[in-house]
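Start from the sequences, fold in the hints, and give me the full structure.
First to last, the sequence lines map onto chains A and B.
My numbering applies: residue 1 is where the first sequence begins, and numbers increase by one.
My numbering applies: residue 1 is where the second sequence begins, and numbers increase by one.
Listed next, the in silico SDA-like pairs over lysine to any residue satisfying Cα-Cα at most 20 Å (straight line):
1) B:199 with A:65
2) A:71 with B:60
3) A:71 with B:64
4) A:71 with B:198
5) A:255 with B:322
6) A:71 with B:71
7) A:255 with B:245
8) B:15 with A:278
9) A:71 with B:164
10) A:71 with B:111
11) B:199 with A:75
12) A:255 with B:318
13) A:255 with B:246
14) A:17 with B:366
15) A:71 with B:72
16) A:71 with B:194
17) B:199 with A:228
18) B:199 with A:193
19) A:255 with A:341
20) A:71 with B:196
21) A:71 with B:193
22) A:71 with B:66
23) A:71 with B:165
24) A:17 with B:260
25) B:199 with A:189
26) A:255 with B:259
27) A:71 with B:189
28) A:71 with B:100
29) A:17 with B:359
Here are a few chain B residues that face chain A, going by a calculated C-beta distance under 7 Å:
30) 60
31) 71
32) 100
33) 111
34) 196
35) 254
36) 268
37) 272
By construction, these hints were calculated from the structure, which means they are not laboratory data.
Computed from a predicted model, the values in this text were never measured in an experiment.
Note that beta-carbon positions come from the ideal geometry of N, C-alpha and C, so glycine has one too.
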Amino acid sequence: MLTKMAPFIWKNIWRNKRRSILIILGIAVAVFVYAALNAAVNGLTFPIKGTASSQILNVREAGRAQVLASKLPEIYVDRVRAIDGVQAAAGVLTDIAIVGTARVHIFLRGVQPDEYRLVEDFIVDDIAWENFRSDRRAILIGHRLQSQLGWNIGDQIDLGALGIRAVIAGIVPPQGVDLENHLLIHQGYFQNNRGLEGQISYIVVRPAPSASPSELRQLIDDAFAYSPITTETASAQEFAEEIVNDFLDFLVYLKVMGVIAVLITMLAAANGLAMSVRERTREIGMLKAIGFTPSLICGMVLAESLLLAIVGGFVGLGFAWTIVGTGGTAMEVLALDRNILTVGAALALGVGILGGIVPAINAARLKTIDCLHVVG
Amino acid sequence: MIPFKYILGGLQRRKLRTVMTVTGIAMVIAIYAVMNAISTVMVGGFQATGAPDEVVVQQAGAMMAEFSNIDREAIAYVRTLPGVSSRDNQPLVSPELQLTTVLQRDGDERDVNLRGVTDLAADVYTQVSLKQGQWPATGYQATVGVALANKLKLDVGSELVIENASWTVAGILDSSGRIYDQEIWVHLDDLTAQTNRTKYSSFLIKTSSPEAAAALTEEVNSARRYPISAMRADTFFALQGQMAGGIADIGSFLATIIVFGAVFGGMNTMYSTVAGRRREIGMLRAIGFRPRVILGAVVLESVMLALIAGAIGLVLGAFIALVPMNVPYVAAAHVSLGWNEITGALVMSTLIGVFGGLLPAIQAARLRIVNALSS
Chain A
1 MLTKMAPFIW KNIWRNKRRS ILIILGIAVA VFVYAALNAA VNGLTFPIKG
51 TASSQILNVR EAGRAQVLAS KLPEIYVDRV RAIDGVQAAA GVLTDIAIVG
101 TARVHIFLRG VQPDEYRLVE DFIVDDIAWE NFRSDRRAIL IGHRLQSQLG
151 WNIGDQIDLG ALGIRAVIAG IVPPQGVDLE NHLLIHQGYF QNNRGLEGQI
201 SYIVVRPAPS ASPSELRQLI DDAFAYSPIT TETASAQEFA EEIVNDFLDF
251 LVYLKVMGVI AVLITMLAAA NGLAMSVRER TREIGMLKAI GFTPSLICGM
301 VLAESLLLAI VGGFVGLGFA WTIVGTGGTA MEVLALDRNI LTVGAALALG
351 VGILGGIVPA INAARLKTID CLHVVG
Chain B
1 MIPFKYILGG LQRRKLRTVM TVTGIAMVIA IYAVMNAIST VMVGGFQATG
51 APDEVVVQQA GAMMAEFSNI DREAIAYVRT LPGVSSRDNQ PLVSPELQLT
101 TVLQRDGDER DVNLRGVTDL AADVYTQVSL KQGQWPATGY QATVGVALAN
151 KLKLDVGSEL VIENASWTVA GILDSSGRIY DQEIWVHLDD LTAQTNRTKY
201 SSFLIKTSSP EAAAALTEEV NSARRYPISA MRADTFFALQ GQMAGGIADI
251 GSFLATIIVF GAVFGGMNTM YSTVAGRRRE IGMLRAIGFR PRVILGAVVL
301 ESVMLALIAG AIGLVLGAFI ALVPMNVPYV AAAHVSLGWN EITGALVMST
351 LIGVFGGLLP AIQAARLRIV NALSS
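Below you can see the structure in the form of structure tokens.
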């Protein structure tokens, strides 16, 4: 029955064009805010959080407020390797560089190639790997970096401010690991360059199949409990989240703001719909008089509300899309992905339902005779 | 002019609609005010810091002081640069080790910038003065910035646990609102020993004049004797402020967009208000009130609605600002709604009121008396 009424419902919405447009715009604003906000968060954090492994363990200097400032002596790697339950361990020296006119942030990972591959067994072309292994100045770049910076195999690049000259030996293809956003460089070369001989940032560990990761974590930290530099071992996933939290503590407030934005819109939408119901009391009375059941009336009002919300959602997401794109536009830190779009649409629908339910029920409950009494 | 009472009275009718609109606008203003306050806190401290005759030197390409590593031997080169001021034959170059540390005290946990300095700091940092006690000396003594000290109720003699060791507060420093008020200063040698870091993070150089500072900066950056880069302190801290501000800007930008949402909501309300009072408006016109007076009245009603909402929003915002927050870069952040934020919020409210009410007001003003009376 309700679907037959669709044209009628549609016409009803456009009877008061101004109000409908305002409600749509209001919802569009909230959805846009939600989408843009999360796109910003996405763009900033995905390179770090999106793909960190939950199996690999990460050993870092204990107690650092900024986990990326972790500094460990290189000799710790051998000690970790000797611990029961450790299948493979590799030291990593990290740094961040800002490259190019687009000001792309890249994470550099200084590693000893063979040692590292034993821990993080990623897929890469054999020739590329061999070229990387054999040339001290060679680097491997993640494919995301390649698309962002337009670098190609064989390019001699200059990581300007860091004073590093390197040649690109290969590209790490898409495979769901965080390496895709990073740059692998020879640890020794990197250390010389930055004056950090004998030093690494953290150690990555592959637990033996029989080992329990949680027990292994404790074992590792215990091994260094009385050393001058104590350690904190966590999963790679947790480490990635810490990095994000360090830089983006502020995000919590932005997210709260996003939630409040949605609440505000619900209020506004509900207000608008309530007003529209109030103004059509007479009409609703007439519909009831000719036989429309209360549930049908309720359904109609709700359908109107939903339709307005859906249109608003489209407009909001569409606007967000044009401004933000899917990563790789002027505001290159922002990335709108499927998740955001889905939740954005769900939000719009939610606003439509929650905003329209009370007016709909009220409309259904109106007594026919009261409606017909109303003048104007 | 239509009497004020009439306009006020208008607000009293349709209470539910008014309340809902006010709530919506109040929430928007609250967010807007808080975002602005945070932005001010984050940027303000940096902008005040850094004198044009000081130069900051860090490792080339380092993103932040904490990620900067300079070989200690570089200090000999830096000390002999042209333009460096001196006092008692000592070049005013302050070598420093900087770290962010987690400070835990009485259930409060926050990230604080730790600055390891030498005895020279007192002479190099001319804008920093001692409010109490003394500059950090070896022996695990700490000099705490006044804002941080106030926030954590620290005094000379208080004990702090930093980097797994116990330090005693030996002094309180005051830099008149610069970021140093948020920091803890300790002696470089103690910090080096405690954290096993044998490199410097940065140098702060005092020169004789802004021109000398510019020349020195140029010399360091072009000579490339060591992998270090120099920047005049005022530029350096302005950039830091920008970075901090950039984050805050995202918040402000989105808050401003939400304001549009509020405008649409307000417009809806005013249209409905006007629609509901067509007859009344017709009557007013019939007895001689001119169209522009009607316009004024509607806009004024809308503005009053928005201002009331704005006031409520400010109160709400003041409460939100009290929630403890780890504001990045500013350890002892005191987020409060100052005159800047209050004015901004009231202006925003007025704008919401004006724009929310303008179009409906124009419609009301244009109503033909005959049509209005017969509705």
